[in-house]
Every structure is written in structure tokens, then in C-alpha cells.
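Participant: For the protein sequence lines, the chains are A and B, in the order given.
So the first sequence is numbered by the numbering used here: it starts at -14 and just counts up by one.
So the second sequence is numbered by the numbering used here: it starts at 496 and just counts up by one.
In short, the hints are calculated from the structure, not lab data.
Cβ coordinates follow ideal geometry from the N, Cα and C atoms, glycine included.
Possibly wrong hints are sitting among the right ones.
[Stated by the list, open to error] Derived pair list, reagent style BS3-like, types lysine-lysine, alpha-carbon separation capped at 25 Å:
no.	chain 1	residue 1	chain 2	residue 2
1	B	618	B	639
2	B	639	B	501
3	A	135	A	116
4	B	508	B	547
5	B	654	A	301
6	B	639	A	301
[To be verified] Label pairs and their computed distance ranges (CB to CB):
no.	chain 1	residue 1	chain 2	residue 2	range
7	A	68	B	670	22 to 30 Å
8	A	107	B	577	55 to 63 Å
9	A	104	B	524	20 to 28 Å
10	A	93	B	527	42 to 50 Å
11	A	315	B	728	16 to 24 Å
12	B	500	A	103	21 to 29 Å
13	B	670	A	148	42 to 50 Å
[What the hints assert, rightly or not] Interface residues of chain A toward chain B, partial, derived using beta-carbon atoms under 10 Å:
no.	residue
14	24
15	340
16	342
17	368
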Amino acid sequence: MTQRRQNRPPHSPSPRAADRGRVRFDRPEFGRLLGGLAAQGYQVIGPTVRDGALVYASVTSPDELPVGWTDEQTGGSYCLKRRNDAALFGYTLGPQAWKPYLHPPTVRLWRARAGHRELDRLPEPAADPPKYAFLGVRACELQAIAIQDKVFLGGDFVDPWYRRRREGVFLVAVHCGQAGGTCFCASLNTGPKATFGFDLALTEVIEAGRHYFVAESGTDRGAAVLRDLSTQPATPAELAAADRIVADAAAHMGRELDTRGLKELLTRNYEHPRWDDVAGRCLTCANCTMVCPTCFCTTVEEVTDLTGEHAQRWRKWDSCFTTEFSFIHGGSVRASPRSRYRQWLTHKLATWYDQFGTAGCVGCGRCIAWCPVGIDLTEEVRAIRRSDGVTLAQQLTA
Amino acid sequence: MRRNKKPKLAVWKFASCDGCQLSLLDCEDELLAVAGELEVANFPEASRAVAKGPYDLSLVEGSVTTPHDAERIHHVRRASKFLVAIGACATAGGIQALRNFREVKEFVALVYPTPAYVATLNKSTPIADHVFVDFELRGCPISKHQLLEVISAFLHGRKPNTPPHSVCLECKQRGTVCVMVARGTPCLGPATHAGCGALCPAYQRGCYGCFGPKETPNTAALARGWSRLGTTEPDLVRAFRGFNAYAEPFRRESIAHEQT
């Protein structure tokens, strides 16, 4: 029996109740999911293979997805490998989160022309962002989006540029079927199973010669999209298979972060010698902050043309690893790489709690894999925990 | 807002390939605007007409390599209100600073039939080693967009937007996949000053360090990373000994990998 709307018999249970349950659709139906989203005016952004990595880009057909690809990640290394099946989501994560789509690297805030006595603000050409559907959002990434929602939309000051992009985004989550070598979402309770914030959530199952998706909707519009697909109620065996896959991912995290008393641990170890040790390895290149799905810092840059009659104000991604980031009158507050790394790590894992009520880390491991020299924040925290309370002076006299 | 008199621009050449000053002519679309705002008073590459100094803005290309140039740069400084050194030669000594690691007399003896005719200094040095420089614009060659930015900033009395951070921010902002992490390609980007827009990694090449060392570069840690990717010590010497070989962090790092 299909649950397609036009075929539903008049006496079937109400769609709402049925849709809240989990259903199954087979791999050939996947193209219709993409088509359905496109028909509703969504530009579907999903994983694609580009330049040796998985990159989120516009997707119109399942063939453009990383069919049969997986990724191997460790500190400072990312490698695409062939799988022995045709999984669509058989990888963990690419370098770039969804951040560039919601919080673009550069945004022009306004333009102005020198008027007779003052600046005339020029109207921005109407550039409504596309209506996005994100396909293949991981649980850690949903948490990251929720964190950025809090940063940009919470409190008294709402960021209108983020809001315009964020409003109406359709989120198709895919529970992780495997954990990467740099993953530690299980330590932070942010994955590998998506539990909130999605319109649709899928588990991809490939076993015993079958390739299907177990799907659940999280919203009414998610349910509506699901209704237009040819689905079957998932059997207990299929549900068990789906749950087993996610549990397996949870059991195979490549990294682990002990979060017990983390904030207190870091805030009482500002003078720990480990900060000097990591400063010897850190390139202060800012890659970790660029790939981090929660890092949100920006700088504002004014540009004029040669005549001086036209000015523009741009907002650009910035990083606490640059000296200009903390530049105030007289110089940079964080001149040493040690202070910059410490600022980043303690913000992510300690002061973020004070500021936003959660950790600023979701355990995606991107900062580990995409650090050119493989600095691993879980290892840095472990090292500090091992010699909690030690100062450099104590270590030198020991 | 309009000035009565246009500021005078001069372009000076020292030991260089002319590529940087040509980026001014490469501006094409903006060239008329430049000429509209500045009087091109002394730019032999563009015009034979030379107006007398003093000049409001001097762009100095090239490094100092001869006793004559070491003298001439002081005349340029005296004739200039605002002096901007442009390019790797003027800011670091350029590729010709490779001579600085050897005895230049040996090269001269090998290359020229009558070495006595060649009056050259033992070292190729940046402009700032000789005179006060108001601003240094990096690159081999410089980016014409950054040059226009520096000229605009000069005209309007503001600070130019030429951030000294790594090339990595430019890679990430344009969505380039890291070549070092995803391909194991050694890349100088994490230690190199931004400005090129991360050109080479966008074409799956490692950064060659054309814009010289970034702020607080950790070249030693980067070199260890390169070694893990299989780069040999002689190749590390060559990597840091490029267009910005004599920029201090790169100079020091290349020497550290030289076999004695």
C-alpha cells in the first residue's frame, strides 16, 4: 500500500498521525524526493565530490551525490575512498559546513554616495537569497545551526542577513551510518542521530541486497514532502536495521572528549604549560575557525573607489587567530599565538557556556582534520586534564 | 571634497622585472579614474613626459643592488611625500636576494667576462633597509586590486585594507578545498601573507609564498608538516627560498634546513 496522497483511500487514518511514524522508501524513489523539493521552489544543496573532498553544492539529481564514496579523516588529513556499495550518504563530513549558505563569507552591508553635505545611502538591489533545501545535514550540523540561530537570532539584536537566509530553509537530515576518525559528537550528545531541528530525517540502509531509506518527518512541511513519495510503513526489521546502523556509528567515534567539569578545568588552567606547547605547533592560519560550523566572527571593512564619491561597507569572516581581530588602540590584545589558541579553545569549550548556554563545539572534528598540522583539540584538553593545575613555573622547577 | 590640484604620482624602478609597475597599467578599466585623480608625473613605463617633483605619492618597485641605487633611493625619498614600496623586490629583496646566501663576487666572475666593469652590492635589499617607507604592498607580482586599494586609501587619507593574515582565510572564503589536507600537497599558505586571493590552491597547487611571510608565521611548524608529507630538507630550503627568500622568517627557516 502506498501513502501517496492521490492514492489514499478515504477511510485511511489521518495523514498527521501516520506521518509521524517512520516509513520506508526505496533508493529509486530518491530522485522524486529531489524533484519534489525542486517543485516546491527549493534550491537543493547537498554533498558533491569536488577537488578531493565532499563539498555542499547545488544538486538536481541523485547522480550528483557522492555515490559510492566515503571519506577517511584524521588529524591534518582527509581522503576520499571508494566504497564497495552505491551509498548516497556513505561518508561522514566534508570540510565546509552549511555555514557559507547561512552566514556567507562576505556580505555587502550597504553602499553610499557622497551627497552635497552628507552620505546618501543607496538602496541595495533586491537580492533575496534562494529558498534552500539542505540535503544530508548531519546531527552535529543541526546542533551547529541551532547554535548559530542563537547567536544571530537570539537576544535583542537579530542579524537580518542571517535571518533572511535562515528563514524557510528546508532541512533534510541524514543520520550518520558511520563515524569518522575525527568525530566525537557522542561525547557532546550532539549525534550521530538527529533528534531535532529537521523537516525530514533519513537513515540510509544497504543490506541483504536491498538499498532503502527509513524516513521520519519533523514538521508538517516535511510530512507533506514525504506524502508525495511512494512510501511503505517501515517493518520492525527495517526499523531495527536503521537503529543498528546509527548505534554502530555512535560506538565507533574516532575521538573522545571528556566533558566532565570542562569549563572549570579550562578556566583554572589559563597558565598551563600546554598552551605554550600547542603554540609551538599552531600555525595561527585560522583554518580551524573557518571550517568550524559554529564560529561566527566577522570584521567590517569600508571601501571607497578612487574618486571617493562611492563607499561600500562589507562584512567578512574573521578569526580570533589573526592579530587584527583583537587590535585596539596601541596594538593587538592577543599578540602571542599562545593567547590566540587559548582564546579559541576556551571560548569553544568554556566561556561559550556563559555566553550562549551550551558548548560552542558540536564534535564534528573539522578543526582536527582541516588543521594543516593536525592539532587535535581533544588531545589538548586531555593533556591539560592529565596535569590539571600545573603552571609553567612549577613544571620548570620540578 | 574636490581638490584644486591633483596629487602627483611617481613610479620608480630599482632592481626588478617591471611586473609590479605594469600592474598599474593593467588596471585598464580603472586607469582613466587613476589619471583623473592623480597627475601621472613620473612614470617612464607609461609616458616620456616627466614633471618635476616633489611628488605626493611615489610607488617604488625593485630592490637595491648597486651602489648607485643605494644613493638614488635617498633622492627618491627626498622627492616624495608618501613612499610606498611595491612588490617582493621592494619589500623583501626579491628573487635576486638569492645572491645574499652566497658571495656575489663568485657569480660575477662566472657570468661576466670582465667582472671589473660590474659594480654591484653583495646583497639585494628591500627599500625599507635604506629609507623610511610609509607603506609596503606585498606580492610577486602585486595584486592590481590591492594597488588600487592602496592608491584610494592614500587619496582619501585612510588605512588600506590589506590584511596580513594567512592565505588560508582567502581559500576558505572562496570555498577552496585545502590542498595540503585533502591532497597532501605541501602549501606555504598557512605562513604566507594574504592578498593574491588564494590563486594557486584554487588550481590545486600549493602556495608558493609570493606575498611573503604573514604576521606571526610559524614556519618551523609548517616545515615539520611538510616533512611529514615527504618533503626533503633540500626541497624545504628551496620552498622558503623563493621570491621572498630574504624576508626574515623565510630566510631563517631556509637556513635551518640547509645541510652544512
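Participant: When the nearest CB of chain B is found for residue 342 (chain A), is that gap smaller than 10 Å?
Facilitator: Result: violated, 28 Å to nearest chain B Cβ.
Participant: Is the hinted pair residue 508 (chain B) and residue 547 (chain B) satisfied, with a Cα-Cα distance of at most 25 Å?
Facilitator: Holds: residue 508 (chain B) and residue 547 (chain B) sit about 17 Å apart, inside 25 Å.
Participant: Quick check on residue 24 (chain A) please, does its C-beta sit within 10 Å of some C-beta on chain B?
Facilitator: violated, 28 Å
Participant: How does the Cβ-Cβ distance of residue 315 (chain A) and residue 728 (chain B) compare with 16 to 24 Å: does it lie in that range?
Facilitator: Violated: the Cβ-Cβ distance is about 41 Å, outside 16 to 24 Å.
Participant: Sort out whether residue 116 (chain A) lies within 25 Å of residue 135 (chain A), counting only the CA atoms.
Facilitator: Holds, at about 21 Å.
Participant: Given the hint that residue 654 (chain B) pairs with residue 301 (chain A), test it: the Cα-Cα distance must not exceed 25 Å.
Facilitator: holds, 17 Å
Participant: Answer holds if the nearest beta-carbon of chain B is closer than 10 Å to that of residue 368 (chain A); otherwise answer violated.
Facilitator: For residue 368 (chain A), the interface hint is violated, since the closest Cβ of chain B sits about 17 Å away, which is over 10 Å.
Participant: With a cut-off of 25 Å on the C-alpha distance, tell me whether residue 639 (chain B) and residue 301 (chain A) pass.
Facilitator: holds, 20 Å
Participant: Please check whether residue 68 (chain A) and residue 670 (chain B) have a Cβ separation lying inside 22 to 30 Å.
Facilitator: holds, 25 Å
Participant: Using the Cβ atoms, figure out if residue 93 (chain A) sits within 42 to 50 Å of residue 527 (chain B).
Facilitator: Since the Cβ atoms of residue 93 (chain A) and residue 527 (chain B) sit about 25 Å apart, the hinted range of 42 to 50 Å is violated.
Participant: Does residue 501 (chain B) lie within 25 Å of residue 639 (chain B) when you go C-alpha to C-alpha?
Facilitator: Holds: residue 639 (chain B) and residue 501 (chain B) sit about 21 Å apart, inside 25 Å.
Participant: Taking the beta carbons of residue 500 (chain B) and residue 103 (chain A), is their distance inside 21 to 29 Å?
Facilitator: This hint holds: roughly 26 Å between Cβ atoms.
Checked against the numbered hints listed earlier, the structure breaks hints 1, 8, 10, 11, 13, 14, 15, 16, 17; every other hint is satisfied.
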